[in-house]
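Asks: The lines below spell out each chain.
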Amino acid sequence: MNQTNTVEEIVSQPYKYGFVTDIETEKIPKGLNKEVIRLISNKKKEPEFLLNFRLRAYDQWLKMEEPDWSGLSYTKIDYQDLVYYAAPKKDIKKQSLDEVDPKLLDTFEKLGIPLSEQKRLTNVAVDAVFDSVSIATTYKEKLAEHGVIFCSISEAVSKYPELIEKYLGTVVPINDNFFAALNSAVFSDGSFVFIPKNVNCPMELSSYFRINSGDTGQFERTLIIAEEFSSVSYLEGCTAPMFDTNTLHAAVVELVALDQAAIKYSTVQNWYAGNEKGVGGIYNFVTKRGECRGRRSKISWSQVETGSAITWKYPSCILQGDESIGEFYSIALTNNLQKADTGTKMIHIGKNTKSKIVSKGISAGKSKNSYRGLVSISPNAVGSRNYSQCDSMLIGDEAAANTYPYIQSKQPQSNIEHEASTCRISEDQLFYLQSRGIDFEEAVSMIISGFCSDVFNELPMEFASEADKLLALKLEGSVG
Amino acid sequence: MNLSNSEILLSIEDLHASVEDKKILYGVNLIVREGEIHAIMGPNGSGKSTLSKIIAGHPSYKVISGSIKFKGINILELEPEKRARIGIFLGFQYPVEIPGVSNLEFLRVSTNSRRNELGKSELDTFEFEELVTESLKIVEMDPAFLERSVNEGFSGGEKKRNEILQMALLDPLVAILDETDSGLDIDALRVVASGITKLSNPNSATILITHYQRLLNEVTPDFVHIMANGKIIKTGNKELAMDIEKSGYELINKRTKKKEVAK
Numbered sequence: 001m002n003q004t005n006t007v008e009e010i011v012s013q014p015y016k017y018g019f020v021t022d023i024e025t026e027k028i029p030k031g032l033n034k035e036v037i038r039l040i041s042n043k044k045k046e047p048e049f050l051l052n053f054r055l056r057a058y059d060q061w062l063k064m065e066e067p068d069w070s071g072l073s074y075t076k077i078d079y080q081d082l083v084y085y086a087a088p089k090k091d092i093k094k095q096s097l098d099e100v101d102p103k104l105l106d107t108f109e110k111l112g113i114p115l116s117e118q119k120r121l122t123n124v125a126v127d128a129v130f131d132s133v134s135i136a137t138t139y140k141e142k143l144a145e146h147g148v149i150f151c152s153i154s155e156a157v158s159k160y161p162e163l164i165e166k167y168l169g170t171v172v173p174i175n176d177n178f179f180a181a182l183n184s185a186v187f188s189d190g191s192f193v194f195i196p197k198n199v200n201c202p203m204e205l206s207s208y209f210r211i212n213s214g215d216t217g218q219f220e221r222t223l224i225i226a227e228e229f230s231s232v233s234y235l236e237g238c239t240a241p242m243f244d245t246n247t248l249h250a251a252v253v254e255l256v257a258l259d260q261a262a263i264k265y266s267t268v269q270n271w272y273a274g275n276e277k278g279v280g281g282i283y284n285f286v287t288k289r290g291e292c293r294g295r296r297s298k299i300s301w302s303q304v305e306t307g308s309a310i311t312w313k314y315p316s317c318i319l320q321g322d323e324s325i326g327e328f329y330s331i332a333l334t335n336n337l338q339k340a341d342t343g344t345k346m347i348h349i350g351k352n353t354k355s356k357i358v359s360k361g362i363s364a365g366k367s368k369n370s371y372r373g374l375v376s377i378s379p380n381a382v383g384s385r386n387y388s389q390c391d392s393m394l395i396g397d398e399a400a401a402n403t404y405p406y407i408q409s410k411q412p413q414s415n416i417e418h419e420a421s422t423c424r425i426s427e428d429q430l431f432y433l434q435s436r437g438i439d440f441e442e443a444v445s446m447i448i449s450g451f452c453s454d455v456f457n458e459l460p461m462e463f464a465s466e467a468d469k470l471l472a473l474k475l476e477g478s479v480g
Numbered sequence: 001m002n003l004s005n006s007e008i009l010l011s012i013e014d015l016h017a018s019v020e021d022k023k024i025l026y027g028v029n030l031i032v033r034e035g036e037i038h039a040i041m042g043p044n045g046s047g048k049s050t051l052s053k054i055i056a057g058h059p060s061y062k063v064i065s066g067s068i069k070f071k072g073i074n075i076l077e078l079e080p081e082k083r084a085r086i087g088i089f090l091g092f093q094y095p096v097e098i099p100g101v102s103n104l105e106f107l108r109v110s111t112n113s114r115r116n117e118l119g120k121s122e123l124d125t126f127e128f129e130e131l132v133t134e135s136l137k138i139v140e141m142d143p144a145f146l147e148r149s150v151n152e153g154f155s156g157g158e159k160k161r162n163e164i165l166q167m168a169l170l171d172p173l174v175a176i177l178d179e180t181d182s183g184l185d186i187d188a189l190r191v192v193a194s195g196i197t198k199l200s201n202p203n204s205a206t207i208l209i210t211h212y213q214r215l216l217n218e219v220t221p222d223f224v225h226i227m228a229n230g231k232i233i234k235t236g237n238k239e240l241a242m243d244i245e246k247s248g249y250e251l252i253n254k255r256t257k258k259k260e261v262a263k
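The listed protein sequences derive, respectively, from chains A and B.
End of the first sequence sits at 480 in this note's numbering; the numbers just go up one at a time, nothing left out.
End of the second sequence sits at 263 in this note's numbering; the numbers just go up one at a time, nothing left out.
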């Protein structure tokens with residue numbers, strides 16, 4: 001028995017969410033120009049400030065070059081060959097679930113996200129986004145009792161325009177980078193969360209993003225605001241059907257934490273990764289950033305990245321407020337020809353700010369898995385500390401793992417620690433578990449879960465087991 | 001002691017084996033019956049550890065010829081996990097650390113795999129905790145070890161106790177303990193030895209692989225085998241072990257060779 005091959009077989013397993021929902025969608029013609037942007041804005045009945053926001057972003061985007069510094073190679077995207085708006089044809093937002101097309105409800109049920117009253121998760125409120133449109137948000141009323149706003153960003157634009165105008169684009173400016181500028185110009189929908197002062201959000205909030213169309217670019221926009229002394233835990237999940245073509249997903253997520261507020265943002269990303277020859281799959285080019293604006297505020301990112309042909313994202317924290325805390329916990333599993341270039345930026349600006357980075361990369365097949373991170377300490381950030389730990393696990397001989405830690409410290413009274421390691425699943429570990437009656441497949445899965453346990457411990461309870469299952473699913477397969 | 005009427009648990013016949021194309025075993029023969037305690041002694045590189053890993057099914061070792069039967073069944077084709085489930089246990093000389101994997105959960109999954117094979121019901125976390133609390137007493141281990149990752153940061157003695165704990169939970173028919181005594185201070189040695197004694201019973205057998213007499217002062221073997229150059233060159237009782245302690249392996253080896261020449 002060749003053990004390496006067998007481990008690889010276990011890691012490769014078919015994608016279970018690759019089905020397409022047959023539903024009538026309204027799409028605008030392909031291509032991007034100011035008319036298209038006006039059309040999108042008009043369809044969504046947006047106020048003028050937002051149209052101007054989009055148009056300014058578009059102007060910036062035209063001046064920008066598609067970046068290539070990551071060393072990720074992919075077929076060039078023809079931005080005029082994409083559809084920038086697609087929505088299920090029947091009216092977008094429903095008053096109640098009974099009015100939502102049953103096919104959509106079935107789709108989410110198949111994905112393990114039941115939305116109906118009887119079946120839905122008891123302590124998690126869900127915003128379900130299908131292609132570019134939010135189709136339902138559960139527990140809205142219950143959350144409203146606490147003053148918590150959880151809805152699609154489109155709804156927020158019409159109901160709370162002042163909040164949108166105040167915060168949108170303040171963490172990720174429209175000209176931040178090529179993909180963020182594009183998103184700012186054409187974003188369709190996404191989730192909006194507002195936690196008022198002194199409120200600890202009574203439930204987990206979750207958005208589930210489902211891509212259904214093949215030729216439609218996906219540009220979600222998420223904005224989470226936690227006012228003074230408030231807290232929230234939010235999770236996003238993502239899946240997509242199997243297409244031979246590559247679909248672009250360029251989302252922007254902005255988090256704002258005011259004095260002593262805490263935001264925990266978790267992602268379980270399982271977009272379609274393409275087949276074993278590298279055909280198809282999602283290009284996941286995402287900008288995620290949180291700003292700890294207030295004193296003693298805290299933003300914690302945790303992510304389990306198993307999908308997408310290419311993942312290119314760095315959920316970051318700007319530690320503006322004194323004594324604020326930023327955290328980043330990541331698991332990235334790549335296989336076949338997948339590429340992941342992910343990490344974080346911790347920008348220490350306030351005094352006595354702290355950040356912690358724990359990254360676990362697992363690469364199998366011919367995949368490439370890179371951690372890329374920046375820890376920057378400004379002259380003002382006296383007494384700041386960072387701890388980073390980046391571990392990679394390689395499966396087979398053809399996978400690659402890289403670590404690119406960048407450290408810029410302009411403050412001598414700060415403390416930065418960085419640890420990195422690379423390992424393989426050792427034959428001795430496998431044999432040890434097997435010699436205790438544990439079968440090969442389970443032994444591999446146990447070792448990988450163990451490798452990731454520091455990060456699993458950071459995921460919200462409800463999702464830790466789900467994430468573990470997702471990894472196990474990815475690892476499931478026939479043992480030769 | 002005459003145990004020759006009891007059932008044969010393990011029989012090894014003319015076993016030749018190699019690792020990475022290097023031949024290590026040159027015709028090992030061994031019969032182990034119910035209720036017996038065997039000791040295999042021998043200098044470094046004589047093939048003792050190789051023999052134990054081959055019995056347990058380590059994939060790096062290749063059997064060239066010969067057979068290993070467990071209760072009359074050829075086990076050479078069985079995966080290591082299957083061998084463990086039917087009652088073969090290997091206590092490792094150097095138990096590996098498995099970071100992040102909870103010792104408690106590992107012990108539970110492992111115990112259940114053996115129970116399944118025996119047709120017993122699987123134990124849930126609570127039931128298992130009761131069982132393991134009892135077993136911990138055998139090796140005088142602190143329950144805090146259950147909360148840690150498998151062997152991670154354990155001292156040498158703690159790792160060995162954890163091995164005997166696994167032996168207690170898996171309740172094997174043949175337990176092979178590979179240099180379980182090495183690196184133990186005298187107190188830890190006593191604990192481990194008394195654990196082995198408590199766990200031995202008339203239906204099972206134990207094979208102790210060791211360099212030294214000192215474990216055998218605590219656990220009395222029925223048979224002592226001397227291994228050299230990939231073969232068992234001499235078999236005797238506990239006096240043989242004492243003899244070695246006095247004269248060393250070289251002498252035994254020479255004497256044996258002389259005898260062979262004389263024949």
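These are calculated hints, taken from the structure and not from any lab test.
Every residue, glycine too, gets a C-beta built ideally from N, C-alpha and C.
There's no promise every hint is true.
Here are the simulated distance ranges between beta carbons [as the list claims (entries may be wrong)]:
1) B:G27 <-> A:C423: 52 to 58 Å
2) B:R214 <-> A:D428: 25 to 31 Å
3) A:N402 <-> B:G157: 37 to 43 Å
4) A:Q389 <-> B:S121: 37 to 43 Å
Asks: So, against the hints stated earlier in the document, which numbers end up violated here?
Replies: 1
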